[in-house]
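Participant: Sequence:
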Amino acid sequence: MDMKLWVILSFGIIYLSCSITCDGVEGDSIPKSNLFNTTTTRKTTFSKKQGVKSILSEDGDIIDCVDIYKQPAFKHPALKNHTIQMTPTNDLNIEKSMMKKTFKDMKKEDNGMIITSQLWQKSGSCPKGTIPIRRVHKRFLNVHGYGRKRPNESKNQTTILKDPRNSLANHSVALVLTQGYSYSGAKTDIKVWIPYVEKEDEYSTSHVLIQNGDVDDFEIVETGWAVNPSVYGDHETRLYVYWTADGSIKTGCFDMTCPGFVQVSHEVALGAAIYPISNSKGLPYQITVYIYKDPKTNNWWVNYGESINIGYWPGELFVFLKHHGLMVKWGGEVYSTRVKTHPHTATQMGNGYTPSPIFENCGTMKRMRVEQNSEPLMIPEWSDTIVDEYRCYDILYEVDYVDDPIFYYGGPGRSPWCP
Numbered sequence: 001m002d003m004k005l006w007v008i009l010s011f012g013i014i015y016l017s018c019s020i021t022c023d024g025v026e027g028d029s030i031p032k033s034n035l036f037n038t039t040t041t042r043k044t045t046f047s048k049k050q051g052v053k054s055i056l057s058e059d060g061d062i063i064d065c066v067d068i069y070k071q072p073a074f075k076h077p078a079l080k081n082h083t084i085q086m087t088p089t090n091d092l093n094i095e096k097s098m099m100k101k102t103f104k105d106m107k108k109e110d111n112g113m114i115i116t117s118q119l120w121q122k123s124g125s126c127p128k129g130t131i132p133i134r135r136v137h138k139r140f141l142n143v144h145g146y147g148r149k150r151p152n153e154s155k156n157q158t159t160i161l162k163d164p165r166n167s168l169a170n171h172s173v174a175l176v177l178t179q180g181y182s183y184s185g186a187k188t189d190i191k192v193w194i195p196y197v198e199k200e201d202e203y204s205t206s207h208v209l210i211q212n213g214d215v216d217d218f219e220i221v222e223t224g225w226a227v228n229p230s231v232y233g234d235h236e237t238r239l240y241v242y243w244t245a246d247g248s249i250k251t252g253c254f255d256m257t258c259p260g261f262v263q264v265s266h267e268v269a270l271g272a273a274i275y276p277i278s279n280s281k282g283l284p285y286q287i288t289v290y291i292y293k294d295p296k297t298n299n300w301w302v303n304y305g306e307s308i309n310i311g312y313w314p315g316e317l318f319v320f321l322k323h324h325g326l327m328v329k330w331g332g333e334v335y336s337t338r339v340k341t342h343p344h345t346a347t348q349m350g351n352g353y354t355p356s357p358i359f360e361n362c363g364t365m366k367r368m369r370v371e372q373n374s375e376p377l378m379i380p381e382w383s384d385t386i387v388d389e390y391r392c393y394d395i396l397y398e399v400d401y402v403d404d405p406i407f408y409y410g411g412p413g414r415s416p417w418c419p
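Going by my numbering, 364 is the number at position 364 of the sequence shown; the sequence numbering is gapless.
Treat the hints as calculated values from the structure; they're not laboratory data. Incorrect hints may appear among the rest.
To be verified - Straight line, CA to CA, 20 Å or less: simulated SDA-like cross-link-like pairs of lysine to any residue: (1) K366 x P376; (2) K366 x S383; (3) K366 x T288; (4) K250 x V215; (5) K122 x S356; (6) K53 x I114; (7) K128 x I84; (8) K366 x P416; (9) K366 x S117; (10) K296 x K122.
Claimed, not checked - Now the in silico label distances, taken between C-beta atoms and shown as ranges: (11) V319 x D59: 35 to 41 Å; (12) A78 x I358: 18 to 24 Å; (13) K322 x W417: 42 to 48 Å; (14) N81 x D400: 36 to 42 Å.
Just so it is clear, CB atoms sit at the ideal spot from N, CA and C, and this is done for glycine as well.
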């Protein structure tokens with residue numbers, strides 16, 4: 001072989017090897033060719049070329065650090081000319097000081113849960129000016145309605161839900177709700193569990209949401225944790241946000257699986273696994289989540305851990321929520337075509353345990369707060385509970401004779417009491 005040609009080929013091989021092994025994924029090293037063959041970009045056609053770098057998490061997730069100005073949100077028709085709001089108008093330090101004043105009389109054991117983080121953060125971090133986006137597996141790209149809740153009624157369920165307080169068809173809930181005012185914020189601490197989800201098209205969530213709009217065409221903004229194989233491809237407990245502007249008929253989705261949510265934080269990845277998780281013999285771990293409306297921009301912000309503003313839903317996405325919410329809900333939700341029928345699904349809510357006044361190893365929410373009529377965060381003046389199937393998923397709401405209400409919820413789904 002000609003010496004000159006041999007040198008050129010040698011350098012070419014070295015260059016390709018370096019391109020595959022030295023550039024791209026932080027954490028455990030994997031070939032970049034395999035990386036992009038096994039998983040692919042978001043339903044919103046996010047391009048891998050937009051990523052500054054990629055991080056391989058211990059659980060197999062790939063987190064792409066994407067330029068903040070190239071995120072999927074701006075593919076939404078209403079956001080073509082949207083200017084990113086980097087920080088909320090109000091100073092959350094003021095809110096936090098008010099919260100501390102509100103909690104000063106609480107018993108120590110009432111706030112004994114420990115804040116969690118996300119598993120991918122053990123493998124790396126995204127630089128400022130980028131946002132972490134969890135990469136979606138290629139098998140989800142052609143799924144119709146991927147990332148959106150399913151509102152359609154099954155053939156086994158004949159009752160049409162006309163009360164806006166009720167859940168969607170195929171959804172079973174155990175909730176605390178408040179209404180009667182205009183709401184511009186809602187907050188809570190949620191104990192983190194990993195409930196059993198029986199089928200791949202079912203899910204279990206624990207969340208807080210703010211709602212407005214008509215019964216069949218409502219608008220919500222929502223955040224919490226979820227085990228949702230149909231969206232995430234596994235049974236891990238993950239941080240999520242959700243929105244819809246029409247009762248999940250044609251709009252809305254989890255996280256950034258469709259255009260809409262604008263992220264500004266480089267620290268938190270929506271849809272990434274929460275770590276660590278509570279267990280019955282170990283420490284109780286929690287997430288603290290807070291949804292609030294910016295009074296000047298009408299954007300709905302999501303705050304995580306009382307310190308990180310993840311991002312927001314722009315007011316342009318909504319008609320009614322552009323102004324305020326009319327209802328706040330806290331609690332658990334199970335989606336399955338086998339709820340409210342027999343045989344019932346075995347998908348759990350909370351951690352699968354039915355609440356008991358002497359047993360706190362169940363779904364738990366504390367420090368439930370609202371901003372109502374433009375006032376600072378406060379305990380809701382009025383509240384009620386909703387349970388779709390008390391034999392399957394139940395609640396215990398301690399609101400009387402306590403310094404701060406505590407909400408216990410959950411259940412096993414199918415059982416001798418819920419056949």
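Participant: The structure should be examined with respect to each hint, and the outcome stated for every one.
Facilitator: Now for the hints, and whether the structure bears them out:
1. A hinted pair counts as satisfied when its Cα atoms are at most 20 Å apart, and K366 with P376 qualifies at roughly 18 Å.
2. In summary, the hint linking K366 to S383 is supported, as the alpha carbons are separated by about 14 Å, within the 20 Å threshold.
3. Straight-line distance between C-alpha atoms of K366 and T288 comes to about 9 Å, which keeps the hinted pair within the 20 Å bound.
4. Using a Cα cut-off of 20 Å, the hinted pair K250 and V215 holds, with the two alpha carbons roughly 15 Å apart.
5. For the proposed pair K122 and S356, the alpha carbon gap of about 36 Å is over 20 Å, so the pair is violated.
6. Restraint check: the Cα-Cα separation between K53 and I114 comes to about 31 Å, which exceeds 20 Å; the hinted pair is violated.
7. For the hint linking K128 to I84, the alpha-carbon distance of about 15 Å falls within 20 Å, and the restraint holds.
8. For the suggested pair K366 and P416, the alpha carbons sit about 30 Å apart, so the restraint of at most 20 Å is broken.
9. A hinted pair counts as satisfied when its Cα atoms are at most 20 Å apart, and K366 with S117 qualifies at roughly 19 Å.
10. Distance restraint check for K296 and K122: the Cα-Cα separation of roughly 37 Å exceeds the 20 Å cut-off, and the hinted pair is therefore not satisfied.
11. In this structure the supplied range 35 to 41 Å holds for V319 paired with D59, their Cβ-Cβ distance being about 39 Å.
12. Judged by the Cβ atoms, the range 18 to 24 Å given for A78 and I358 is violated: they are separated by roughly 51 Å.
13. Taking the beta carbon of each, K322 and W417 are about 44 Å apart, inside 42 to 48 Å as hinted.
14. A C-beta distance of roughly 51 Å is found between N81 and D400, which places it outside the suggested range of 36 to 42 Å.
When each numbered hint is compared with the structure, violations occur for hints 5, 6, 8, 10, 12, 14.
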